[in-house]
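Novice: Chain order of the listed sequences is B and G.
Take the first sequence: its position 17, counted from the start at 1, is 23 in my numbering, and no numbers get skipped.
Take the second sequence: its position 45, counted from the start at 1, is 51 in my numbering, and no numbers get skipped.
When the alpha-carbon atoms are kept at most 27 Å apart in a straight line, the in silico DSSO-like pairs for lysine-lysine are as follows:
id	chain 1	residue 1	chain 2	residue 2
1	B	K65	G	K63
2	G	K137	G	K182
3	B	K35	B	K66
4	G	K93	B	K102
5	G	K58	G	K28
6	G	K102	G	K113
7	G	K113	B	K102
8	G	K93	B	K137
9	B	K108	B	K137
10	B	K143	B	K102
11	B	K177	B	K128
12	G	K137	G	K102
13	B	K58	G	K51
14	B	K93	G	K113
15	B	K51	G	K51
16	B	K66	B	K29
17	B	K102	G	K137
18	B	K63	G	K65
19	B	K113	B	K143
20	B	K58	G	K63
21	B	K35	B	K58
22	G	K137	G	K51
23	G	K93	B	K108
24	B	K63	G	K58
25	G	K182	G	K113
26	G	K93	B	K51
27	B	K51	G	K63
28	B	K51	G	K58
29	G	K124	G	K58
30	G	K51	G	K124
31	B	K113	G	K102
32	B	K113	G	K93
33	G	K58	B	K58
Calculated directly from the structure, the hints in this document are not laboratory data.
This structure is a prediction, so every number in the text was calculated from the model and none was measured.
As a plain string of letters, each chain reads:
Protein chains: 2
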Amino acid sequence: MTPILFATSNPHKIEEANETGKKHNINFKQIELPYPEIRDESVEKVAREGAKFVFNKIKKPVIVEDSGIFIDALNNFPGSYSAFVEKKIGNPGILKLLTGEKNRGAKFISAVGFCDAKGIVKTFTGTVYGKISNEIKGTGGFGYDPIFIPENSELTFAENPELKNKISHRKIAVEKFCLFIM
Amino acid sequence: MTPILFATSNPHKIEEANETGKKHNINFKQIELPYPEIRDESVEKVAREGAKFVFNKIKKPVIVEDSGIFIDALNNFPGSYSAFVEKKIGNPGILKLLTGEKNRGAKFISAVGFCDAKGIVKTFTGTVYGKISNEIKGTGGFGYDPIFIPENSELTFAENPELKNKISHRKIAVEKFCLFIM
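Between the sequences and the hints, there should be enough to build the whole structure, so can you do that?
Specialist: Structural data, given as structure tokens:
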């Protein structure tokens with residue numbers, strides 16, 4: 007099968023996607039073409055508009071992926087703005103915001119936006135539910151992994167990256183896309 | 007002089023601009039035409055791209071304005087994302103993030119983007135320096151006004167809205183634009 011173009015500046019996303027794709031005989035190939043991220047609280051919309059934008063430039067089918075962490079007690083902050091917020095206040099900032107907060111529920115959501123050869127966009131989402139830990143723990147993964155404990159686990163994603171690779175939001179979204187395209 | 011079109015959904019911005027403009031015999035007229043806010047940490051770039059976008063739709067000279075609060079100890083968070091962050095974590099969230107922080111320096115920045123009849127964009131900025139209060143105080147103004155104390159004052163903008171109207175970042179930016187256009 008022709009490789010699926012994946013617009014991203016992050017080669018780790020490609021590795022991860024290929025890990026999932028190989029079961030389905032699907033191969034992803036990185037294309038570095040920056041696209042504007044719209045200001046919308048939905049990662050699905052960001053991925054949708056990103057895919058459309060890249061398709062309009064290259065006129066070939068393409069996927070983009072956007073993801074974020076949505077924290078219940080913070081009205082789903084930081085959501086689709088996760089990368090910006092992480093850079094600015096980081097995990098210590100999130101823990102401060104949750105000081106004294108009993109509800110520590112949170113979820114990671116990933117959205118894959120796929121624009122087909124006709125310019126029609128579909129999105130595929132993956133969600134992992136869990137909670138925010140009381141302290142920063144673990145050295146694996148990146149971003150919010152050291153403060154996210156998935157359901158049915160006592161360890162953060164950063165303490166248990168093998169588990170993350172099995173159940174991650176991004177893996178679920180890419181898997182759904184593979185099942186659609188194969 | 008022909009009124010200057012000001013693309014905004016906020017009629018208060020028009021009132022405020024006209025307050026400043028009348029000294030220079032400049033009149034602003036609201037136009038409601040939503041424009042995409044790009045994801046950039048600079049309010050200047052957001053205003054610039056916004057003005058270009060609206061000009062391309064209406065083919066007439068137009069201004070847009072973007073502003074935000076930039077907090078020193080938080081790496082200039084929330085900056086151009088101020089509206090989103092305020093909606094999500096509000097002033098209590100900002101105070102939590104600054105718990106135990108001695109450096110409470112902050113500034114408000116406003117940028118007016120003006121696209122002229124030839125499609126050329128210029129920006130005009132205004133800044134007010136100050137600090138973040140230890141508690142939420144005052145009922146005037148809106149947004150971050152109840153936690154922002156401007157330099158040489160002991161009161162927040164929300165406690166002293168008259169002062170805000172005199173020295174605000176937005177007033178300075180609009181004033182600069184008026185001096186340019188008159």
